[in-house]
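Combine both chains into one complex, guided by the hints.
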Amino acid sequence: MRLGELAHARAGDKGDISNISVIAYEPGDYAFLAEHVTAERVKALFGDIVRGAVTRYELPELGAFNFVLQRALGGGVTRSLRLDPHGKSLSSLLLELDIPDRQRA
Amino acid sequence: MRTIRIGAGSGFGGDRVEPAIELADRGGLDYLVFECLAERTIALAQQARLQDPDAGYDRLLEERMDRVLPPCRRNGIRIVSNMGAANPAAAARAVASVARRLGLAGLKIAYVLGDDVLSPVRAANWPLTDGPSSTADLGARIVSANAYLGVEPIVSALRQGADIVITGRVGDPALFAAPLVHEFGWALDDWVRLGRGAMIGHLLECAGQLTGGYFADPSRKDVPGLARLGFPFADVDEDGTALFGKVDGSGGELSIRTCKEQLLYEVHDPARYIQPDVVADFTSARFTQAGLDKVRLEGGGGSPRTDSLKVTIGYRDGFIGEGQISYAGTGAERRARLALEVVRERLDLIGVAISELRLDVIGVDALYAGPRGPHEPMDVRARITGRTASLQDAQRIGREIEAAWINGPAGGGGATWSAREVIAAASMLLPRDLVEPTIHWLES
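Line by line, the protein sequences give chains A and B.
Under this note's numbering, the very last position in the first sequence is 89; numbers go up by exactly one each time.
Under this note's numbering, the very last position in the second sequence is 640; numbers go up by exactly one each time.
The shape of chain B in the complex, shown without the other chains (with noise of 0.2 Å):
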């Protein structure tokens, strides 16, 4: 049976760059999905947008095209990247560009545009899923609202005979499954099938993580060549069947129980995975090893669709002051509480208005203030974070834990401190007739 060969090139937008020009030069592939948005990334390329209107994209985007582009022109491989963020036409113009410098003339670069939903979101007051009530609550600390796009535009780009398509917000595996529907002409009320797409997508999207990334465990998970980390393949059948691995030679662990956890991440009802082009089931899903780094995946379904599209909005939420500063040897702890009460009367004292405040102990309780070992420890580090309304404000705070140096108990050293604002994420649904997605091209 036909199958077509789908790499994952990156899990996040920050992700190595290695694992995917091994693929594209030796994977067998003919799609390379680059998957790199997380919940606010594009919050944050707005924001850097609005200084500079050729910016807002992917940082790595000419990192990633610089490399992979001859090893995909070379091998026939097509290129498919949310790496838009809020701004596909300055991606798209960006790859253009690296492409003519390497030389490799004709590249047909489509992108996507229709994701950034901010008109309609501020045309009416929206129900919030989560985070404040409504969005009017937001007002005019909302930069961006970003619908989760399908795989419609994607498909159409493709069967239009795009080398490479840039999106900006997207259901990360309909990033996958957009190849799938394209070449095998699936449906788009064809749910089992969708269903199994958007599963083999949600496996890849993470990339290393199906492959022993985010899984060692020395001794009881332990995982081969971990440094050489190869991310995965999947060769996917009409059906939606998949038989996912890894190059040879690469490191890491393709096995059932890597492919257990990456099926569960990021999932809450497993009988219910909501995407824009489906709702996937993954509770009939079943892994058998195929082989060493091999293993297949059957089953899985999907159910209609639903009416609405997620939208994510970034908005300002303030600033965060943040500070730590270590402590050694017998009574560290006890020196580095002292180091936080003294800051946090400090800050009292000079006027900090902070909303909400953390003490942590990291090495004692700043994971988790649980059952204590029955030993001191011996290094710790003391960490103070803050929101306040200021950065001013957030300053003062990573000025107060620096100041300790000098000012403070016995012994503290390796000071750091930041201060940032806070653009924060919250969801709604809008209905699905009011984004309409547009595809765009250029040529290199």
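The shape of chain A in the complex, shown without the other chains (with noise of 0.2 Å):
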């Protein structure tokens, strides 16, 4: 299934890193969201487009997370030659990750 089935996620921009926030719509799937969406996984899904580290801070009072990924906006916001220069697009993508179906108890 598409995370996009389970979580919500909002991109924002400082320089050349993005951060992008995967929020459990139901804070019941918080855990088997923490196993699934790791940053070695989130990192691999955006290949190219993101050239340095993804960090995965966690939330668990909110049930959600934030990543952070460095060199991900084409050297900055401000001389990025990407159609959407600030990322914001990537949250979309990001909810595109397959992970598997959430069996419920």
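Pairwise CB distance ranges (calculated):
(1) Tyr9(A) / Asp250(B): 49 to 55 Å
(2) Glu617(B) / Gly31(A): 30 to 36 Å
(3) Leu422(B) / Glu10(A): 20 to 26 Å
(4) Pro570(B) / Ala15(A): 32 to 38 Å
(5) Glu617(B) / Glu10(A): 46 to 52 Å
To be clear, the hints were calculated from the coordinates, so they are not data collected in a lab.
The beta carbon of each residue, even a glycine, is placed where N, CA and C say it ideally should be.
Right, here's the structure in full:
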């Protein structure tokens, strides 16, 4: 299934760094997402778009994660050649991540 | 418990004005804050100021003031804004001029200077926290350097009775936290309350992004009345607990899920959100829905501020030329790719020096070159972008795309192009003691 079936997301920018929040619609899905939406998988999904490291911050109280993607905005918002220099659309792409079907208890 | 109501009048320089008028008219506000500066805005404004000493502030300042000053005066609302950009003094004069034209005499307008740190930045070689390695590498290409100021000059201006405070670069959340520090007399080493103030300011600073803007995704995240999106306000008490709301009857959604998205927007480590006044900690924030379009925020904290202030440096970084042309029907993508290859070859043949080049097919791979869908697109747009050292070369990129109309593949239409100088932004840290904010006054 798509990550977007369990979570919503928002992308922000600072210089050449993008951050994307991933927020569970249901708090009960947090642990499942923690297992399957890892920094490594996010890095692999974006391929050449993200040239630096990906760090995942965890916010269990909010049922949310914050992914910080280094060297992800084509050299920075102010000098990028990309159609979407802010990387606003990266949140929608992250929600395309393929995750195992969630088995409800 | 006494609360102060602070409204968000804008989330960026070009933001819609109508929601701010609605807040000033019917929001029951104590303060109306306009946040209008992105990373490179001041560098661009500085360019304008070099051309005209009365320019260099927000281009919508007069329009906003013309619309909100009468209701703010009528309702006793004080205004705080960073619309001063590269020229807070000229912005304050413009506000006074609008007020006089509206017959609003006696408004006390304060403006804050001191964020412009071009002199100390130029006086030494500073390491950059991103981009090229140091300020010396940028040399004469630097056009602006502005430190992110904290709440102190705004608090002083409010204490001295300012009706309107105009600043240049200030930490965005500080525009909202300053009225709280002033009203509740928060100590400048009360890290928990300052952290909460920064968190509340952070949630408000993008205005409509808290109330359903940048959020709607039909069927999964439906937002009612998005066309009439209302901007948020917060009722804050002396402990830094907040109840967020918006004007009754305005459109949008203010919910736990919109608040969570905005809490993490443009944040890196949520336990260490570094601001001029405090290092805020968002990890203990708790949201509860307190009614339709009402969300309560509790928790949050902070730790001591750092010894330095972040400075954004604007510098000239060459030129970018960009052009686009559309193709339709079966084979549209193949013709778009042919057009891009032909333009690339022609740029080589005529000797245009391009240091970085991008070829995109919009509708196929411009945002993401991932796995392909099963259907061939019936409508695509070819896009070429290149970085050059001269404006002339940037223009040649655009002209070659335009020429693909006549000299390219079949059925190319809707060609557009542009060429511009790039003012890029880089960051550095400056010791606090090299930054001295000052407050100045005008009256309408």
